[in-house]
Each structure stands twice: as structure tokens, then as C-alpha cells.
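Participant: In case you want the letters, here they are:
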Amino acid sequence: MSTVRLNAPRALPAVVGLGSGVLFLVAIEILVRVGAINRFIVPLPSEVIGSLARVVTEEDIPRRLAQTAWECLAASLLLTAFGIALGALMHRVPLIRRACETWVAAFASAPLVLAYPLFLVLFGRSTLTIIMLAFLSGLPPVILKTVEGLAATRRVLINVGRSFKLTPAQQFWKILFPSALPSIFVGIRLGMIFALINVVAVEFLINFGGLGQLINELAERYDLPGTYAAICFVVLVSIVFFIVTERAERWLRS
Amino acid sequence: MAEIVARAPATRPWFSVVTLLRLAIVLFALGTWQLMAVSGLFYRGVVPSLPAIGTALTKLLSTGAFYWNLGVTAQEIAIGLAIGGLCGVVAGLVVGGNRFIAQAFEPYLYYLSPTPKIVFFPVMIMWFGVGGGSKIAMGAVSCFFPIALSVAAGMRLIDPVLIRVGTSFRANPWQMTTKIYLPAMRHPIVNGLRLGLGVALIGTLLAETKLSNQGLGFLVIQAYNSFNMPLLDAILVVLFVLAIGVNALVARFAHLDDIKPM
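As you go down the protein sequences, you meet chains A and B in turn. Position one of the first sequence corresponds to residue 1 (the working numbering), numbered consecutively onward. Position one of the second sequence corresponds to residue 255 (the working numbering), numbered consecutively onward.
Source of the hints: derived by calculation from the structure; they are not laboratory data. Keep in mind that the hints are not guaranteed to be accurate.
[What the hints assert, rightly or not] Chain A regions said to be covered by chain B (calculated; three or more residues, Cβ under 8 Å):
(1) 15-22
(2) 95-102
(3) 111-117
(4) 120-126
(5) 196-209
(6) 239-251
[Stated by the list, open to error] Below, a sample of chain B positions facing chain A; criterion: calculated Cβ distance under 10 Å:
(7) Arg276
(8) Phe282
(9) Val300
(10) Leu366
(11) Phe374
(12) Met380
(13) Arg448
(14) Gly452
(15) Ile475
(16) Phe481
(17) Leu493
(18) Phe494
(19) Asn501
(20) Ala505
(21) Phe507
[As the list claims (entries may be wrong)] Here are some of the chain B residues that sit facing chain A, going by a computed Cβ distance under 8 Å:
(22) Phe269
(23) Val272
(24) Leu275
(25) Pro368
(26) Ile372
(27) Val384
(28) Trp428
(29) Leu460
(30) Asn482
(31) Met483
(32) Leu486
Even for Gly, the Cβ is constructed at its ideal location relative to N, Cα and C.
Work the whole structure out from these sequences, hints included.
Facilitator: Laid out in C-alpha cells, this is it:
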């Protein structure tokens, strides 16, 4: 009992946050029911919640989820391999780093996803288009964080490697890489988040694939509660993905 | 005398090894593209030659329609940024200024921030129509989260002395906001706006490519639909240069040294 009382103040903000969300939905429900909000624009929240189960069972969610997950995984593997390799190259050859680091940073701010029509022409309306765009969009943070991590290796560790007369390859794999891992993980996590955002966005835009296409299809059918439910589902999946990668990064860093 | 001349600070050459390497990389990339264009490995017209892209770029930049569409997109982004930015700054001030509100609502801002915003576009169409309103809304929704989080984080970094000065002068909440919080937070606000501008630009342009009859996004998808690849590449080049240029400009502005404690 005392534990409950002790935890109560801590739980209060969470309860207020959640309660505000519920109150907001109740208010929308009432406003739609009394006709203050057009139900052909905003469906009843109760209908949306009811549609969530229908969307999951009737819209082939497991296959769509698997497809989006596969596209994310493929893009993540590519951006990890290429990002770390390019980052290591930029660290190894300072001239390349000086020449290209600002370019990579600029590349990160470029709206690469807008080139999806170009990718459609090059790779067709296929999974490859989605994977390539997600890979390229998530690449800059991995490169930048790899360079940052490798450059931040403590001098004393490098000197220990030298005193053991390690070859450059041994120096990299036994000293530099393990020391840079925490920073590299940050980069990979950022890259994976960018990859997921771009995978869903391109799926939605080209009406192909998994979860993004689901929203597009339901919107084109004018299944209003279904569209809202699918959006909630995609947002939920993104949040779970974000939390899982955050926990994984924390675990790996510790 | 000769020694003195030798020791005098040498004028920096207009090119360095780094510049040469950059030039080599650019030339290599352009050469690879041109080789791809003439190799015959791709279907005809998929990879247009550099002269064809150059011609399309010149034509594009010399037509009034391009500038009109650029104006439409710029206007949508500006209004979206203004609405999303204002809401973001207010939300950031409220969340950052109160620990209880932060604990209650900041997790939602934090976890909703990295979700793909384009999925809200069908809802925006239903709420604001197929015209510019839905694109402005996309820009506003996209930029709200990074700005709110940036302002909330900045709010917590304000020197407590400044806040104590405000309270000792019995400043009311409006005076505290305008005289203490906002001036002390110019850096995070401008940085948040920079991040917000980037995502607002992407949100607005993606929405234009999905459903629109004006704007640069519309030009992109029109070029794709008519399989005018040189024009498509030319528009993308202009878009990337504009996006990277604006980002670099705001970044430079965000790091101005004139931002000093009041």
C-alpha cells in the first residue's frame, strides 16, 4: 500500500497525459454525434477503434507488416555495411574526409525521397525502389557517426595498439572499431528510423508494398474509419520501432 | 630580404588538394552518368545525357511557369512553417516551462516526432481539400514536432539567473516570455526552425507530388508522367540545390556570433 502511495505522484503526470488523450477523444465523439463536426470528414473515434480490429483481420496485415519489415531490414543492412565502410574510409584517409564530410552533411539535408519518380524509372514500381531510397536516405547519419566515433578514439588506446605492433587491420578491428561502436550504434539507429519513415512514405506514394499502401488503398476506397485506423496502426508501429531501437541502442551501449 | 619575403604570409592558392579532389569526384560522377547515358545498358531515355539535362535546365530556368510554381511551393512552405512554427514554439514554451506538463505530454511529442507524417495526407485532404490548404497543413504538421522539442529542450537550458531577474522584477507571464524566454532562446528556436524547414519542405513537396495541380512537386510528377526524363532530372537538381542552399543559409544564421546573453 505504501509503495502505491509512494509511486502515485510519479504516475500522476502519465495519468494526466493519457487522461487528456482520452478526454480529447470523448470530446470529438460528442461533437461528431451532435453534428458539430461533419462525420464524413472526421469519423467517430469509437468507429475508428472498432475498425482497428477489422483492418488488422481483413487487410492482410501480417503480410504487409512482413513486407515493410523486410524492406526496412534490407535497407538497414545496406546502410550499416556501406555507412560503416565509407565512414572508415573517410577516417583512414583524412583528405577524403576533408573533401567529403560537408557533402555528406549536405546530402543528409537533401530531400532525397523527392527523387522517387526517378527511382521508379530506374528500378520500376518494385521493392527495390523502396529499399534503395530508404538506404540512401539513411546513409548519411551512419557515415557521419562512424567518422565521429572513430575520430574520438582515445589516444592511449591507439598507443597501446601501436606498442603491440598491430597491423592497420588489427588496429581497426581490435581498437578503433570497438571504441567507436557506441557512436556507430547511434548512427545506425538514426539511419534505421530514416529508413522506416522513407519506406512507409514511398509505399504510400507509389501505392506499392506494405503498410504505406494500406493507408492509400483505404483512403481511395473512402473507408474513413478504416483510413484513420490504418494511420493509427502505422503510427503505433513506428512508435514501437522507435522504442525498440532506442532500448537496443541503450543495451548495446551499456 | 629573400628570407623575409619567403616568411611573409603566403597568399592562399585559390585551389587546394581538397578542392582538386572535390573537382575530381564531381567530374568522375558526371563522367559515370554520361557513360551510363551512352552505354545502352538502360532503356532509351531512362538516363538522359548531360547535355540533354543541361538544355532542360536552361529551358526550365528561363520559363515563367517554373518561377510561378516555385512561388506557389515557397508560399505553401512559408505558411506551413509559420503555423507549425508558432504552434511548436508555444507548445515548446509550455512543455519546457513546466516539469509536470513535460512529464505528462513530452513523451507523446518525442515518440510522435519520428513517425512518417506523409501518412496523414489523406486526412489533410479531407479536412482542407485538394488545394493548397492540405499542402500547408502537411508542412505545418511536419515542422511542429522538431520545433516544439527543440524549444522545450532550449527552455530548460536558460540560465536560471535570467529567470530570477525576471521574477524579481515581478514580470508577468507575457513579459517573461517576450523579455526573458524568447531572447534567451534565440539559438534553439532558430535551430528548431532550421530542422522544421527541412521537414516542412519535404512534407509539402511530397504532398504536391501525390495530389496537386501546381507547385514544384507537381512539376516533378508531371515530368515523370510525360516521361520527360531530362526535365525530371533538371527539376530534381534545382530542388536539391535549393533545399541544401536554404538549409546551409539558415545553419549559418543559427550560428551567428551576435547571439549573446542579454
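Participant: Apply the coverage criterion to the stretch 111-117 of chain A and chain B: a residue qualifies when its Cβ sits closer than 8 Å to a Cβ of the chain, and three qualifying residues are needed.
Facilitator: With 6 residues close enough to chain B, the hint holds.
Participant: Once the shortest beta carbon distance from B/Asn482 to chain A is found, is it less than 8 Å?
Facilitator: violated, 11 Å
Participant: Can you verify the interface hint for B/Val384: is its Cβ closer than 8 Å to any Cβ in chain A?
Facilitator: violated, 12 Å
Participant: For the hint on B/Trp428, just tell me whether its beta-carbon gets within less than 8 Å of chain A.
Facilitator: violated, 25 Å
Participant: Are there at least three residues in the stretch 196-209 of chain A whose beta carbon sits under 8 Å from a beta carbon of chain B?
Facilitator: Since 7 is at least three, the answer is holds.
Participant: May I ask you to test the interface hint for B/Phe282 with respect to chain A, counting a Cβ-Cβ separation under 10 Å as satisfied?
Facilitator: violated, 12 Å
Participant: Could you check if B/Val300 really has its C-beta closer than 10 Å to a C-beta on chain A?
Facilitator: holds, 6 Å
Participant: Any CB of chain A closer than 8 Å to the CB of B/Leu486?
Facilitator: holds, 6 Å
Participant: Counting residues of the stretch 239-251 of chain A that have a beta-carbon nearer than 8 Å to any beta-carbon of chain B, does the count reach 3?
Facilitator: That given contact holds, which follows from 3 residues of the stretch 239-251 of chain A lying within Cβ reach (below 8 Å) of chain B.
Participant: Closer than 10 Å between Cβ atoms is the bar; does B/Gly452 clear it against chain A? Give me holds or violated.
Facilitator: Where the cut-off is 10 Å and the nearest Cβ of chain A is about 6 Å from B/Gly452, the hint holds.
Participant: Check, residue by residue, whether the stretch 120-126 of chain A contains three or more positions whose beta-carbon lies closer than 8 Å to a beta-carbon of chain B, and give the verdict.
Facilitator: holds (count 3)
Participant: With chain A as the partner, please determine if B/Ala505 meets the hint condition of a C-beta pair closer than 10 Å.
Facilitator: Holds. Min distance 8 Å.
Hints 8, 21, 22, 27, 28 and 30 from the list above are not met by this structure, while the remaining hints are.
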